[in-house]
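S.K.: If you read the protein sequences in the order shown, they are chains A and B.
Letter 347 of the first sequence, counting from 1, is numbered 347 in the working numbering, and no numbers are missing.
So the mapping is simple: the working numbering equals the position in the second sequence, first residue as 1, plus 1000.
Please keep in mind that the hints were generated in silico from the structure rather than gathered at the bench.
Accuracy of the hints is not assured; some may be wrong.
Unchecked claim - Computed spacing ranges between beta-carbons, pair by pair:
(1) B:Ser-1140 / A:Ala-366: 50 to 56 Å
(2) A:Ser-82 / B:Asp-1039: 50 to 56 Å
(3) B:Leu-1084 / A:Pro-55: 28 to 34 Å
(4) B:Gly-1238 / A:Lys-151: 24 to 30 Å
(5) A:Gly-153 / B:Asp-1085: 21 to 27 Å
(6) B:Asp-1039 / A:Gln-130: 56 to 62 Å
(7) A:Arg-4 / B:Ala-1157: 31 to 37 Å
(8) B:Glu-1339 / A:Pro-55: 27 to 33 Å
(9) A:Lys-151 / B:Ala-1157: 47 to 53 Å
(10) B:Gly-1238 / A:Gly-153: 43 to 49 Å
(11) B:Asp-1258 / A:Arg-180: 40 to 46 Å
Note that the structure is predicted; figures quoted are calculated from it, not measured.
By construction, the Cβ of each residue, glycine as well, lies at the ideal position given by its N, Cα and C atoms.
If you want the building blocks of each chain, they are given just below.
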Amino acid sequence: MNWRNQTVFVTGATGFIGGRVCERMMQAGVPRVRALVHGMHRAARIARMPVELCPGDLQERESLRQALGDAKVVIHCGLGPSSTIVRGTENMLAVAQAAGVQRVIHVSTAAVYGITPPPGSESEEAPLRQTGDAYCDNKAAAEKVVLDYGKRGLPVVILRPSIVWGPYSAWSTRLMDDLRAGQVAFIEGGRGACNTTYVDNLIDAMVLGLEDDRALNHAFFITDGERVTWGDFIRAHMALLDPVPDVGEISRAEIAASRGPSSGLLLGSVKAAARVARGKEFRQMLMQIPLTEAAMKKAWSYVSSLPAQKRERLRARFGVRRAAAKPTRARFIPDAVTEATQSATVFFSIEKARKVMGYEPRIQFAGGMKLVEQWLRYAAYL
Amino acid sequence: MTEPVRLAILGCGAITRSEHIPAVIAHPGVQLVALVDTDPARADALIQNRGLSCKAVADYREVLGQVDAVLNALPNHLHVSSNLDCLGAGKHVLCEKPLAITAAEARSCTEFAAAKKLVLAVGMNRRFAASHCLLKLVISEGLLGSIQDYDFQYGGAFDWRSASGFYFDRAKAGGGALVDFGVHMLDSVIDWFGPVTGFDYQDDDWGSGVEANFFLGVKHTGRFGDTEGQLRISRTFGLKNRILVRGSEASAEISVHDPEVVVIHRRIGGAAVSQTLRLEKIAGGSSYWRQLDNFVQSIQRGTQPEVDGWQAVRVLELIENCYAHKRRIEEPWAEAGSETGSESRLEAGAEGSGGKQAAAHEART
């Protein structure tokens, strides 16, 4: 379809990918871009452009209907908490179908195969499975909803990017912070598959999905098509720092050994220090367990009495970062999600996207890194 | 004993809730008569929440007969008409910044207040921060030697939960980062270093949006001679959030988030040392309290407020000049990534982000 003279509706527009989608739509000369905005205070990046900021919530159909307006093209990057992904997508598609939308690009993820995709998931034909991870499983369930709507006549295309990077991406900003704090390790020598997807390559694929009817009702892996490892990705960022930080190696066996046998979560929480208990990741792990000030004080006095080595092990077990980097001999132990992400062995194939809709990654890793470096300087990370 | 100033607050948005109400409650010289908001439920909720005994009304005109003064905290685009209404009714006005969207409108408010012999004060609370007053002393008493230049940065992910969401609408806000926090910066540096006589401005507005980032190089000509300064604001990136003033003998630094102290950096022998200065006595609680106190005293004594309308006009004229002569910040990553971008453009874009170019000053004012 000719999308260039259409009103384009973007969900997730205040996020990293959606923000760049809005910019690219502007650069392509689209007459109107309507952006779904859930938290208006997060809209500073897209408010720089003549984008229509439309308040709304993927969880509320009526607000979505109003936000969509007369747009006939939907680029769905919106997410929300894991538990709301499926319903949010279903709401978006129902509203789109009722409004006669002519194309929906659904931004899925290669993580529908899990944080560590199993061997055999190189191509899109591999069957989806339950992974036990809420984000992965909900994104997989959302794809099923999209395909159902496709069968009922809504023109849909599913894209599965992997590690989407580029200017504004937390993959780079967090890595810079972690490198400065001494909180990075090469897991298994950094050989894990990184599957970089430069954000503009992903948007090129969206454009192809809008234009090419052969893409309808298909799901495509979208990456940069290069075998970039996590070691490559980390080293490219290390090189931007002066002095270049020292990053050690660690094996998965060593990580497992450092964590020790897992104790009960609640017991663990009592043993953890107050500083640990206040950590964001830790809170997320515990979720429902209320931490009273009294309990934290008790925990603190207990932990304070432990020898330093044991305290460090406790901290590491919960994968909680230190408040600031300290010159310590203690070895950095990556948290479980980082370990799982960087232990991937599968490089996703983009052959299907190439064959069906002529996708060709335009920006390669080295060129993308140059742009990221310029942006990091501008954004005062360097 | 002087009668308390009877006050109505116009607008019950974020700043009223978080700063003005606590300041008014804590000030013995102010009697809060009414909270005004087009959404009376919002005013009611505040009254309940803070245990206030004032009334909630939807239209400020209903209460003008019962007050001596108003604190105007409506969205920016409503400032002028409401200021003129209140001044017309003979009420003193403390108006949140910016006084108006345009310098011409700010001028009309200021002239009207002067003609009516009423106090028109502008909410530049940072003038009342302890560190601001202290830095002014440090500079004027020569603690830094001769003033060389300064660098003022403020940035972080925008998180102002405005009740009406007017911030991203150019017609209602008057602009982006420059109007919003830039007015504070400019007001401060003009107060410290004198009038701006040259500038070079660039921002990241892509056209009819509001800027999230700007770089502004300025030249002041004041009692320290010519002083050059760099100002940068970001609504998207974390910056150093401080002002650093460099002098021939020492530097002075204020952290935006620590409004109480000034840190002096200097060298003794070969060693770099720092020294934290703090005022031993400062009245009241917050800068908003001292701003309100200054307003009340201006009314009761018939004196000029610390920040009057003319100072706001001066800042707004500079902002209009900046917008009129703006250049766009280069974003080579955005150009190279676009459909028409290419490897060659990518290479061409490899040098220099916008920031470095702000150093060139051009006298345009």
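S.K.: Give a verdict on every hint.
M.R.: So, going through the hints one by one against the coordinates:
no.: 1; hint: B:Ser-1140 / A:Ala-366: 50 to 56 Å; in the structure: holds (53 Å)
no.: 2; hint: A:Ser-82 / B:Asp-1039: 50 to 56 Å; in the structure: violated (34 Å)
no.: 3; hint: B:Leu-1084 / A:Pro-55: 28 to 34 Å; in the structure: holds (31 Å)
no.: 4; hint: B:Gly-1238 / A:Lys-151: 24 to 30 Å; in the structure: violated (46 Å)
no.: 5; hint: A:Gly-153 / B:Asp-1085: 21 to 27 Å; in the structure: violated (57 Å)
no.: 6; hint: B:Asp-1039 / A:Gln-130: 56 to 62 Å; in the structure: violated (47 Å)
no.: 7; hint: A:Arg-4 / B:Ala-1157: 31 to 37 Å; in the structure: holds (32 Å)
no.: 8; hint: B:Glu-1339 / A:Pro-55: 27 to 33 Å; in the structure: holds (30 Å)
no.: 9; hint: A:Lys-151 / B:Ala-1157: 47 to 53 Å; in the structure: violated (41 Å)
no.: 10; hint: B:Gly-1238 / A:Gly-153: 43 to 49 Å; in the structure: holds (47 Å)
no.: 11; hint: B:Asp-1258 / A:Arg-180: 40 to 46 Å; in the structure: violated (23 Å)
Hints 2, 4, 5, 6, 9 and 11, counting from the list given before, are not met by this structure.
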